[in-house]
Amino acid sequence: MAPRLPVPQVLCFGITVVVLLFALPAQSQESPYIVTYDHYLEEPGSLEVEYFSTFGTPRTGNDFHAFWAELEYGATAWWTTEVYLDGQTTFDDSTLFTGFRWENRFRLLQREHFINPVLYIEYEQISGADKILKEVEGHDVEADYAVPNAVARKEHDHELETKLLLSKTFNGWNIAENTIATKNVTGPNPWEFGYAIGVSRPLALKASAQRCNFCPENFIAGIEMYGGLGDRHSFGLNNTSHYLAPVIAWNLPSDWTLRLSPGFGLNDNSHRFLLRWGVSREFSGFGAAVARLFGGRR
Amino acid sequence: MTVRAWPIPLLLAAGIVAAQTSSAPTTKDKSVYAELAKAPRKAAARHNPLEHDPDAVAAGGKLFAEHCAECHGEMAEGGRKAPSLRADEVQRATPGALFWLLTNGVVRRGMPVWSKLPEPQRWQLVSFIKSLAPASQPKPNPMEKDQP
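Protein chains in written order, with our numbering: chain A, 1 to 298; chain B, 1 to 148.
Bound-form chain B, shown alone:
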């Protein structure tokens, strides 16, 4: 059969260009944190059921390295694609608000929805994020304990 495939790479390239030129929040862009305030009151008031789980921070750290570090940075310090999670806005947010944001993403700004991770895993991520030192008072990353 005759296959005219030349438009495919062209269209793919257009897709890649579109992705690269889409609006990407930077660490200094404080408006990215405004999404946290959009969490409904009921969602923001939810407590982390794994708050006292001794493994939650370590498991959350593992999940963070697997799914989040690519954009938010290995130490959650932020990068060109996604903001710092050590920022005061994040550290002051309630666990419920962080869980809500993880679940719903910020699709128009490039953060995918993470509801494909089961709820307990999202709460483990929240535990890890809340364990991070705020940017203003750096302290060792909890994940560093596991590293030689």
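With the rest of the complex left out, here is chain A:
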């Protein structure tokens, strides 16, 4: 039986979120991508708190709602560190916490170049029931997600995930490509590979003189594509899944960002449809506030 949502609580939460959206000062300029990374890191000392949902409709098996929370902190102008907490609800099955991830991104070059590389290193401790699809790699296919939660949760994975993020912004267009290499260090598993590419652009390049919620420059639209590339023993597209997903982000002047992305599976190994959305808020000066709390000078 599908889990029932507590409607009054959800309504209250929704109203509170909307009120806060329009009440708090400042602004962020976040990319619309949900899977792909560009080369921009979190501003130093800023904390971004994010929540994302993925609603998936597989070709076989039960629908699911996977969700994750992120805490992203700009440690320096060249290093961003991030913690994820993952969970999922599979309809007609159960809801469970599926693990955590610790991600780090390092900017490799001091200045802007024709292509800007960023090194991404992540440690994941997740169960086999994890369904957030934050990246697709190796031979990840839809059938993997049809396993009942009670069985899938018994699989414990410790993964080291590395990515080379390449990105360029030109005339307002951002083009980003991520190459993924992942190693499950729980047992003798081969390196698995994947990719993500994205293109995006703000709806307007000039900022308007007035503070506004609906100015076109606050909206960034684009498209991303991601999928697996097999593993060290069987590199290629055979038995892999791939997705194409339009993306849009709405950067509100109150420092909130809303993202929406309907994703479409491109072959029979992919879920038929993924609806993703996310909400995030940036807290500028978080590091300085923490330092002040502990008697620091900033």
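If you're looking for bench data, these hints aren't it; they were derived computationally from the structure. Idealized CB from N, CA, C, for every residue including glycine. Zero decoy hints are in this set.
Sample of chain B residues at the chain A side, in silico, Cβ under 8 Å:
hint	residue
1	A58
2	K62
3	T103
4	M111
5	P112
6	V113
7	S115
8	L117
Once you've looked at the hints, dock chain B against the given chain A.
Frame of chain A; chain B shown alone:
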């Protein structure tokens, strides 16, 4: 599943400490302005295409409040984390040099790259910065016109 998450807060705390102890330029540290001189000649010679745009200063002021004031101060007077933009070194710099610095940042000193802002927005920021009164001859901030 068993999750041993205790190292995470520890490592996060280490990150925060690292950020707080990183070298932060102060207003009095004149060497921070030396980055402006590193702009390639061709970049420094670029003209601001929005120089005569009547809205550029106001739009730049809005962008400044959103993205820059946190470190450079609400009046661009500088702070512990970033230098004054009213300093003579900044006001004497060419629009092209300021645009170049905005685009490339000074990553090792804590200023991020701002190429994620589209070019016209970076030029709007340059317009605003150039409209500021030099520290030696204070005059009202152009943004104050909009305030009640």
